[in-house]
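Peer 1: Take a look at the letters that make up each chain.
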Amino acid sequence: MNSPLFTHIWKEWREQRASLAQITIVVAIGFVMAALLLPTELLENAVVGHIAASIPLIILCGTVVPDLLSRERKKGGLEFLARTPGGLRNAWMAKLVFAILIVVATALGGEFATQLIFEPLESVNRTIWTPLGDPTALLIIVTLIVWTFATSAWLSNGLLALPCAVILTMATIAPALWMSTGFNASRVQGIFYALVPLGAAIGLCGSWFAFVSGPRRGRSNRWITAVGAGCCVLGLVPSLAPAAIRASFPPRECFVQPVALNDDGTFLFNRVIRTTADGDDDHVTAFEVDLATRRVRQLGEDGERVAFQRGHQMRHTPPLQWRGLDAQVVRVSDFRSIVLPQSDAAAPRHHPSPADFGRADVTSRFAVGCEGSGHSLAVHQGQSTTRYFRDRSGERVFSLEQLTALAPELSITSAVVTASDTWLVRDAQFVWWWLDVRDGSHERCTALEVELGSLAKFGPATLSGELLVADGGGLKLLDATTHEWRVVEGGASVRNIVNVLDEQACSVLADDAFVWMSVYIAETVGKPRPAALRVDVANARVTECIAFDEPNALPLAANDDGVLYQSRHLSGDVIWFDLATREAHTLITAKD
Amino acid sequence: MNPLVTVRGLSKHYGRQHVLESIDLELHADQICVLLGSNGVGKSTLLRSLIGLEDVKADTLEVLGLDPRRKPDALRRLVGWVPDHSDVPAWMTPAECARFQEHCYDGWDSSRLAQLFDRLDVPTRRAFAKLSRGEAAKAMLALALASRPKLLILDEPLARLDPRTKAEVLACLLAEVPIDGGACLLATHNLDVAVRAADRVLVLANGRVESAVDVSNIDSTQTTPCGLRARLERLYDSNTLEPVR
Chain H
1 MNSPLFTHIW KEWREQRASL AQITIVVAIG FVMAALLLPT ELLENAVVGH IAASIPLIIL
61 CGTVVPDLLS RERKKGGLEF LARTPGGLRN AWMAKLVFAI LIVVATALGG EFATQLIFEP
121 LESVNRTIWT PLGDPTALLI IVTLIVWTFA TSAWLSNGLL ALPCAVILTM ATIAPALWMS
181 TGFNASRVQG IFYALVPLGA AIGLCGSWFA FVSGPRRGRS NRWITAVGAG CCVLGLVPSL
241 APAAIRASFP PRECFVQPVA LNDDGTFLFN RVIRTTADGD DDHVTAFEVD LATRRVRQLG
301 EDGERVAFQR GHQMRHTPPL QWRGLDAQVV RVSDFRSIVL PQSDAAAPRH HPSPADFGRA
361 DVTSRFAVGC EGSGHSLAVH QGQSTTRYFR DRSGERVFSL EQLTALAPEL SITSAVVTAS
421 DTWLVRDAQF VWWWLDVRDG SHERCTALEV ELGSLAKFGP ATLSGELLVA DGGGLKLLDA
481 TTHEWRVVEG GASVRNIVNV LDEQACSVLA DDAFVWMSVY IAETVGKPRP AALRVDVANA
541 RVTECIAFDE PNALPLAAND DGVLYQSRHL SGDVIWFDLA TREAHTLITA KD
Chain F
1 MNPLVTVRGL SKHYGRQHVL ESIDLELHAD QICVLLGSNG VGKSTLLRSL IGLEDVKADT
61 LEVLGLDPRR KPDALRRLVG WVPDHSDVPA WMTPAECARF QEHCYDGWDS SRLAQLFDRL
121 DVPTRRAFAK LSRGEAAKAM LALALASRPK LLILDEPLAR LDPRTKAEVL ACLLAEVPID
181 GGACLLATHN LDVAVRAADR VLVLANGRVE SAVDVSNIDS TQTTPCGLRA RLERLYDSNT
241 LEPVR
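So the protein lines, in turn, are chains H and F. In terms of my numbering, the first sequence is residues 1 to 592. In terms of my numbering, the second sequence is residues 1 to 245.
These are calculated hints, taken from the structure and not from any lab test. For every residue, glycine included, the Cβ atom is placed at its ideal position computed from N, Cα and C. Heads up, some of the hints might be wrong.
For lysine to aspartate or glutamate, the following EDC-like pairs were computed, each having C-alpha atoms within a straight-line distance of at most 16 Å [said to hold, decoys possible]:
#1 K74/H with D87/F
#2 K57/F with D24/F
#3 K75/H with D87/F
#4 K130/F with D87/F
#5 K75/H with E12/H
#6 K166/F with D155/F
Quick list of simulated restraints, FRET-style, between CB atoms [claimed, not checked]:
#7 Q115/F with A226/H: 44 to 52 Å
#8 T124/F with L116/H: 42 to 50 Å
#9 R112/F with S19/H: 33 to 41 Å
#10 A212/F with A226/H: 36 to 44 Å
#11 G76/H with D118/F: 23 to 31 Å
#12 T124/F with A201/H: 41 to 49 Å
#13 Y14/F with G76/H: 13 to 21 Å
If you only want the chain F side, here are some residues facing chain H, beta carbon under 8 Å, derived [said to hold, decoys possible]:
#14 R48
#15 I51
#16 L53
#17 D55
#18 P72
#19 D73
#20 R77
#21 W81
#22 V88
#23 F100
#24 H103
Model the full assembly from the supplied sequences, consistent with the hints where possible.
Peer 2: This is the structure we're talking about:
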């Protein structure tokens with residue numbers, strides 16, 4: 001205690017230590033009871049873990065944090081501090097420092113207890129799903145705590161600080177969350193999140209005026225309340241102003257439309273900017289990326305787009321000619337044997353177009369993202385769609401009708417191609433079967449349960465014939481040869497993936513030993529975050545999980561040393577993620 | 001010699017209620033000034049305004065060469081303050097309070113504080129919440145004197161004390177103040193205290209200084225303490241509806 005600040009911190013410790021001890025005991029008892037009484041499914045649930053890790057902070061926020069400032073007013077200590085030289089200033093700073101210290105200590109304690117009870121110690125990348133590892137959750141909790149601290153300085157009753165802080169936090173965070181819906185942008189969301197702490201900082205200034213400046217100069221309670229409340233209102237401006245601006249202008253969506261992967265290793269895509277509600281494209285620019293050198297080249301002039309056409313030729317077309325085509329990625333050489341129907345007269349929206357192409361051979365140098373190793377192609381003509389499946393050797397091609405004819409009793413609706421002759425097919429009742437495409441013999445796939453079968457999402461297949469699949473039961477490795485399956489161990493990160501896996505969960509690159517998967521990981525609030533998982537196939541374990549800050553980063557293509565990602569919506573960036581260094585590099589920005 | 005405290009035209013009002021109006025006050029070195037007045041007359045407000053704890057209007061407000069409205073912290077380092085009740089956190093002991101305050105005052109004298117605690121028989125290891133009113137008052141006085149203040153301000157320090165403790169505190173006060181060229185401003189409605197301690201007496205009524213008696217200028221051969229008390233009582237009576245005896 002050799003400085004006034006330390007003396008004040010000591011004073012806070014003396015005043016709050018009983019409350020802190022009580023909270024610790026209550027939370028510890030709560031955690032032990034949870035460990036003893038909650039069913040395993042809940043203990044393994046990421047959301048429950050999130051809530052559990054947040055509870056100590058919330059309790060702290062409702063008890064000790066508002067009491068730091070309000071107790072001086074309530075118990076008459078303000079007078080003592082006011083008459084002490086520098087007392088109020090030092091007290092305010094000490095209380096802020098003390099609040100930070102106890103919040104950090106509580107967060108770490110909550111984190112530790114949660115990991116201990118809600119998640120086995122051997123889990124991989126465990127910090128992803130706790131508040132400390134989730135920036136959005138952390139931002140919300142910190143904002144709540146700051147507002148609680150700020151409002152308790154001028155509210156007559158400290159108990160009102162938490163409800164007041166909840167309202168202010170919602171008022172500042174809600175616009176940020178709103179910005180993340182619809183035509184949103186991770187970039188804008190990032191700026192927005194930066195404005196939330198700015199607003200809270202203004203609220204803190206209000207607490208300074210209310211606790212230090214006002215009483216030190218003998219201001220009236222009315223003045224203190226007015227200034228404190230005024231600063232809180234002012235603190236809403238940084239968050240609300242951009243939202244108001246955003247609401248005043250039409251939403252703008254900027255996204256990448258992948259077109260083709262060439263045999264020479266170039267990847268072609270259009271970047272589309274759309275601002276109108278009816279879906280018309282305002283501006284299109286075509287690009288070509290060399291996946292090996294990462295060199296980017298613009299194709300044609302601004303306003304021209306590149307499209308895949310019959311005859312496997314790339315052609316620049318005037319704007320809007322191909323409007324309505326969804327994102328398609330085609331490995332040009334793979335479907336030489338398929339003759340696409342002539343339909344020059346068809347309307348652009350119904351023009352024959354290859355779609356839903358799966359990963360290329362795992363032996364190939366390049367891969368494109370889509371489910372499984374299914375070499376499938378959907379050809380649209382008019383209102384009808386024909387699906388083709390090609391085996392790994394490329395020698396046999398089946399249409400869906402041909403597959404169904406192999407096993408008519410199954411009513412096959414979908415198929416996933418594996419490295420062997422046994423494919424995985426799904427019938428109309430969402431039951432998955434192993435189907436031998438040589439003779440039509442089939443066997444029920446027990447790895448994918450019926451009620452979860454519709455949720456199954458397929459990752460990459462290895463040369464050895466194993467297929468990565470995720471359903472509600474976890475991430476699994478299915479062996480197409482033996483029909484056996486293994487659960488991939490990966491702790492909380494894997495369970496989170498399963499919770500949110502959707503059509504965009506893609507495999508990006510595979511070899512026999514390790515597979516990289518692009519997946520989404522659940523967050524407490526807001527959209528799931530994309531992440532790259534590295535799966536050790538031999539040991540059936542997730543060995544690495546790298547989460548991206550860009551909430552809309554989707555994989556486009558990959559080669560041996562990196563993965564090309566796009567980030568959609570407002571930013572429209574194209575990112576190269578280096579698998580060796582684990583770093584993301586921006587190839588194209590919205591300015592290009 | 002410049003006065004230590006100069007107040008001219010000091011006014012304070014809460015809404016439409018005027019508490020102090022055009023107060024003029026001067027306090028010189030080595031002077032003990034007693035502020036007499038009944039409850040609610042504005043004594044505490046005036047004292048608090050001298051160290052910047054009240055937002056007041058004044059033509060001139062200078063305490064120890066500083067304007068309390070502009071430099072309250074610098075001024076508070078030079079001033080000792082004894083409130084009418086203990087405002088120290090209840091859990092704190094006098095010893096802890098001393099440790100807490102010693103970094104805040106430039107002239108803090110721990111040995112002097114130890115002497116004062118000893119002399120006044122203050123239980124230093126007992127929390128303020130568990131001290132009697134008299135013990136708390138003595139502790140507050142000792143803590144205020146420990147920083148060797150240039151100006152000691154006491155707001156009814158003897159209120160609600162038993163006669164024995166009152167005498168003890170008053171004796172200590174008279175022995176210790178004023179400190180080397182400093183001054184003391186004491187608010188009370190106890191005429192006996194005023195008679196014993198005051199070099200100067202100000203009678204506050206209706207928000208104004210109604211009367212001022214410079215005791216040090218009265219020829220001691222012409223007045224006795226008893227006579228002075230009677231004189232103050234007359235002044236006090238004439239300015240208050242409820243004279244305090």
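Peer 1: If a hint holds in the structure, say so; if it does not, say that too.
Peer 2: For each hint, the structure was consulted:
Pair hint K74/H plus D87/F holds up; C-alpha atoms about 12 Å apart against a cutoff of 16 Å. Distance check on the hinted pair: K57/F and D24/F sit about 12 Å apart at the alpha-carbon level, within 16 Å; holds. Simply put, K75/H and D87/F have alpha-carbon atoms about 9 Å apart, close enough for the 16 Å limit, and the pair holds. Straight-line distance between C-alpha atoms of K130/F and D87/F comes to about 14 Å, which keeps the hinted pair within the 16 Å bound.
At roughly 14 Å between alpha-carbon atoms, K75/H and E12/H fall within 16 Å of each other, so this suggested pair holds. With a C-alpha separation of about 14 Å, the suggested pair K166/F and D155/F falls inside the 16 Å cut-off, and the hint holds. For Q115/F paired with A226/H, a C-beta distance near 47 Å keeps the hint of 44 to 52 Å intact. In this structure, T124/F and L116/H meet the distance hint of 42 to 50 Å, their C-beta atoms being roughly 45 Å apart.
At about 37 Å, the CB distance of R112/F to S19/H agrees with the hint of 33 to 41 Å. For A212/F and A226/H, the hinted distance range of 36 to 44 Å is satisfied, since their beta carbons lie about 39 Å from each other. Distance hint check for G76/H and D118/F: the Cβ-Cβ separation is about 28 Å, which falls inside the suggested range of 23 to 31 Å. Between T124/F and A201/H the Cβ separation comes to about 42 Å, which falls inside the hinted range of 41 to 49 Å.
Roughly 19 Å separates the CB atoms of Y14/F and G76/H, a value that falls within the hinted 13 to 21 Å. At a threshold of 8 Å, the smallest CB-CB gap from R48/F to chain H is about 7 Å, leaving the interface hint in force. Annotation: interface hint on I51/F holds; nearest CB of chain H at approximately 7 Å, less than 8 Å. About 5 Å separates the beta-carbon of L53/F from the nearest beta-carbon of chain H, less than 8 Å, and the hint is met.
At its closest, the beta carbon of D55/F sits 4 Å from a beta carbon of chain H; the interface hint therefore holds under the 8 Å criterion. A least Cβ separation of about 6 Å between P72/F and chain H falls short of the 8 Å threshold, and the interface hint therefore holds. At a threshold of 8 Å, the smallest CB-CB gap from D73/F to chain H is about 5 Å, leaving the interface hint in force. At about 4 Å, the closest approach between the beta carbon of R77/F and any beta carbon in chain H falls short of 8 Å, and the interface hint on this residue holds.
With a cut of 8 Å, the hint placing W81/F at the interface with chain H holds, because the nearest CB-to-CB distance is about 5 Å. The beta carbon of V88/F is positioned within 8 Å of a beta carbon in chain H (closest approach about 6 Å), and the interface hint is therefore held. At about 5 Å, the closest approach between the beta carbon of F100/F and any beta carbon in chain H falls short of 8 Å, and the interface hint on this residue holds. Taking 8 Å as the C-beta cut-off, the interface hint given for H103/F holds, the closest approach to chain H being about 5 Å.
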